[in-house]
Amino acid sequence: MVQLQRVGKVYRLGPVRIQALADVSFRVGKGEFAILTGPSGAGKTTLLRLLYREEVPSEGEIQVAGFDVTALRRAEVPMLRRAIGIVFQDAKLLPGRTAYENIAFGLRVLGVPRREITPRVFQALKAVGLSARAQALPAQLSLGEQQRVALARALAKEPALLLADEPTGSLDEAVSLEVLDLFHQIWQRGTTILLATHSRTLASQLKRRTLVLESGRLVKDEGG
Amino acid sequence: MLGFLLGETVRDLRRAGRVGVSAVFLITLSLAALGCFWLLSLNLGRAVAEWRERLRVIAYLKAEPPPEAVAPLLKRIEALGGIQRLRYVDKREALATLKRELGSQAGVVDQLPSNPLPASVEVTPARDAATPEATRALVQRLMELPEVEEVQGGTEWVERLAQWQRLLGGIGLGVGGVLALAAILTVTTATTLVLHVKRAEMEIMRLVGATEAVIRVPLLLQGLLQGLLGAVMALGSLWLAYTVALPRLEPLLTLTLGLQRASFLSPLEVVLLLGGGGLLGAFGGLLARGRGPA
Ligand SMILES: Nc1ncnc2c1ncn2[C@@H]1O[C@H](COP(=O)(O)OP(=O)(O)O)[C@@H](O)[C@H]1O
Ligand SMILES: [Mg+2]
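Chains as they are written, first to last, in this note's numbering: chain A, 2 to 225; chain B, 25 to 318.
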């Protein structure tokens, strides 16, 4: 599902070179649940951004969901993104739209037929346990609920791969555990997941394969 | 999908808000100015064409030629070139015409001991030779004929009218062009504003994998709608001005230009103006650049 070969990423800020990733190789198989961890600044976000082609690698090869990401032309990027669900630390919900509309929006822009949208939105809401809050605006939802709507939006398009960048970063511990439990359920239903978190405790609580980045290098790959 | 795109377009149009309204007004203004000069130039052009049609050069003859000499004379004149039509007017006909023109006072003519009017040849220049230079040359050549006493007629003032027409057309294009440029920039500003307001939305669209077309089409459409709205308003105000001013202007037109009726823009020209408005708006929408795709 995800494969990296000797991937490196250098950011250039004028004369300054920042080596965000160096010589990173690993593979995440279909149906796996992998945790990406490491201290702040280790390169986790950069790595995820490479996977959904928000950034291009300076060197190396990347394959995601059957796409040769490095060779992808700009017009083909939407195809890759359709195969990937993405959630971030902040939910990125549109403030003027209800939970239902936020999820439906993600489907409508993809040209999903109208009659398919309602059942899919409700299915996604059910999967995150928010069926009762469909008509709530983001401001009326708790942070944990907002994050679950974001998760539902990512799930509604039935992605083969789910990427999560610090999805519990803004949540307190109890709510974090609830959200992580949701990821677990989603994984059990067959979605491949790659979840980035700087928190080693969270990573160890999940008891899954853990990839550890330090200063842009993969230093450990254990469990799973 | 179409429903989604149109819904987003309406949303974007609302988000353009006050800047969008000024964009519509600027488009109205630019197209109204353009249309106004166009309308003037159009009617002036018709007057010029009509006058060119009516233009005659009259060659008065020294003496009335005997009947058998008329045809050869006309042939020689025709050979001068640049002539559309020729008509010989003998002394009797000239007198009859004068009598008709005098109407009730025609009796005066009968008091005359003899017919004082000369015979003449009415020359209508060929349409492509109705320029001032060609007409002057024709007059010159007619004067050189031994039978000809005097030549009357010319095109100077018709040409001056034509110059006015071209000037008006030019001013219209200039003023309209400058305003159109301002209009495009305003639509661009309005659209950039929309881009700014909807950048969160565009980020989500790009993340989930919407194509650039889906992202840009509503912006293009809201620009196009601003343009069309402006064009409709411009046409409306032109039509209003035309119908209000016309009854007052028409007698004046007849007197000065010899035009019986002024005319409005033709359906084709109306469509062109509408299309121009739409194009201005769409172009403005297209020019707007927010944060592009990564
Ligand atoms: N857009 C960018 N431009 C320049 N440097 C960047 C950019 N994004 C990240 N970096 C740098 O790359 C390194 C890795 O950052 P990041 O991938 O965000 O790490 P993490 O997500 O593990 O905290 C850091 O040194 C960071 O400052
Ligand atoms: Mg990060």
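Keep in mind that the hints are not guaranteed to be accurate.
Stated by the list, open to error - If you want the footprint, here are the derived chain B segments under chain A, 3+ residues with CB under 8 Å: (1) 187-195; (2) 221-228; (3) 231-237.
To be verified - So the derived list for chain A, only partly shown, Cβ under 8 Å to chain B, looks like this: (4) Pro79; (5) Met80; (6) Lys93; (7) Phe106; (8) Leu111; (9) Arg116; (10) Gly130; (11) Arg134; (12) Lys158; (13) Ala161; (14) Arg201; (15) Leu203.
Think of the hints as simulated: they come from the structure by calculation, not from any bench.
Keep in mind it's a predicted model, so treat the numbers as computed, not measured.
By construction, the Cβ of each residue, glycine as well, lies at the ideal position given by its N, Cα and C atoms.
- Kindly indicate which numbered hints from before are broken by the structure, ordering the numbers from low to high. 1, 9, 10, 11, 13, 14 and 15
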